[in-house]
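Top line first, the protein sequences correspond to chains X and Z. Quick note: the first sequence uses the numbering used here, first residue 190, plus one each step. Quick note: the second sequence uses the numbering used here, first residue 248, plus one each step.
It cannot be assumed that every hint is accurate.
As the list claims (entries may be wrong) - Here chain Z is said to cover these stretches of chain X; the calculated rule only asks that three of the stretch's residues, wherever they fall, bring their Cβ under 8 Å from a Cβ of chain Z:
(1) 196-205
(2) 254-265
(3) 305-317
Stated by the list, open to error - Which chain X residues face chain Z? A few, computed with CB under 10 Å, are given here:
(4) Tyr244
(5) Gln245
(6) Val270
(7) Thr273
(8) Ala274
(9) Arg275
(10) Gly288
(11) Ala291
(12) Ser294
(13) Lys295
For the record, the hints were derived by calculation from the structure and aren't laboratory data. As the structure is a computational prediction, the values presented were derived from the model and not from experiment. Glycine included, every Cβ here is placed at the ideal spot set by N, Cα and C.
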Amino acid sequence: MTANKILIADDEIHIIHVVAIKLRNNGYDVISANNGAEAYELACVEKPDIVVTDYQMPVMTGIELIEKLRAHDELKDVPVVLLTARSFAVTQEQQAELGVSACLSKPFSPKELLKTLQDILHQQEIALQR
Amino acid sequence: MRRQESLVWVAVTVALVALCAAALAGPQNSGIGAGWRNPATVLRLTMYAVGAVGVIFLGVSYHRRAAAVTSIAGQLRSAPDSSSQSTRLNGDDELTRLLNTRLEQQQAVIGRLQDELRELRIRAQLSERQKQHTEAVIYSLRDAVVVVDDRDRLILANAPAARLLGFALDSDRYRPLAEICGEEHAEFARLVQQSARSRVEGTRRELSFPLGQDVHIFDTIVSCVQEGEAVLGVAAVLHDVTREKEISQMKNDFVSHVSHELKTPLASITAYSEMLVDGEADDDKTQKEFYAVIQSQAQRLNRLIEDILNVSRIESGLIKVNKEPVSLTILIEQQMSMIKSYAEEKSIVILGQKPIIHDQVYADRDMISQVIVNLLSNAVKYTPAGGSVKIGTEVDETAGLARVTVTDTGVGIPAEEIDHVFDKFYRVGANNKQAKGTGLGLNLVKQIIEKVHKGRVFVTSEVGTGSTFGFELPLAQTELAEAT
């Protein structure tokens, strides 16, 4: 069985680093990008199982990245977890509109992120089995 | 009156005596031929004459008395209660008393009327003065004030209102407001009309008005003025809140930026410490790496908090300044080493210059260090990978100044935004996506150089080529010489 591939997009290299270690320690394959534009290009090539993206990034924001993913034929259904330091930046309605699976506020716990990703993947598996 | 009465009685007596004397003298001296030379005849003629004069005097006196009585009776008859009083006129005393009473009453009435007239004049003057004061207050207000009557006609407005709505204060007075406002300000005219119809005392709404090249937002309060049930008119006050809204937006943006900036290092500290606690960093090397990240992020957090506090302290004048002779070259070298790792992460080269010996300024070492590091980190932040940042110092001995410049090969700043780059919380819109920031770094540079050290900051930039930020400070020798 191949490991689930997770794309992390954040302009803070320390965040990418620590999340990557946490996820790799738990058996996931991790790819990363420093901004939304890089993340989109990588997603088009790598077709990740989940995208974890920061809200505010240079060049292309997390929201713009999600909008581009939703417009892409092969990536429109990919689950997205949004990380944000601005608690009220994205409303519940916006999250629903963008198809955001979960939104975590910074500072977040890597354990919490791991559990969120596991839940999403589990639900996806159940949905596929049906 | 009594003297006149005595004279009448004297005249009557004289006339009677004279006529009696003439009658007695008549039979003895009568007959033709007695002649006027006869003394008896002369006496008789004289008595006749005196009697005649007395009779004429009596006649004239009677005529005058009768005329006076007729006149007074007429006056009394014309008065409302004259009929009852006139019947009681019984002699001069009664008449005189009534006349005097009437005269006194009329004088009292005239006195009261004069008092009332005086009071009315004072009230009119006060009212006019009050009106002038009200108009003076309205004319001196910076807010636009418009007052219309119950028929929507403009009766009072000040110059800001005339500018805002585009009418002439004199020629448009008494014209309907809807007509004056035209289609451009129809919303305002409708609001005023609605207020008069609904008789609401205070309606508040934000309205947009074109003013010059921009659109301004006005907090508009419209009140219907009533007296009892009657609508007297409508008064409207329009307060420009455009700047307040901009400041409010800037504050919101600042809070949002600051919370983001504070939470970012905090997120790293939280995540790395959790990993250490959970034993996810099992080897020494990884553990040390995690501790180093926590330390650097804690320092970053501290710097940010210091930036915010310093701006606040400088603005409030509460910051403690320790000025001493400081070499700019040494400070620049120290800060270059601090920023080096950040620049290397982005593959940016930082270029220094050969040391200058006489570049001492009389300044606060920590503050100028902060200025240099802010300029260097800003340059690195907005320079794409592979670019360079050059820092240099020059001394203008003639002007007694030391000048520091930081030149990058970054994205540059659009000409229309360059005047605002030192403003607090300002972030160049076009470069917003390039990097994160609070908009405090350059403002702090300006505050430290210009407010604390009486120097000058400057910037030149070209989009796509790069920017040069710098500052000038008086040389220590110049400043110390001036101080002594």
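Hints violated by the structure (numbers, ascending): Hints 2, 3, 6, 10 and 11 not satisfied by this model.
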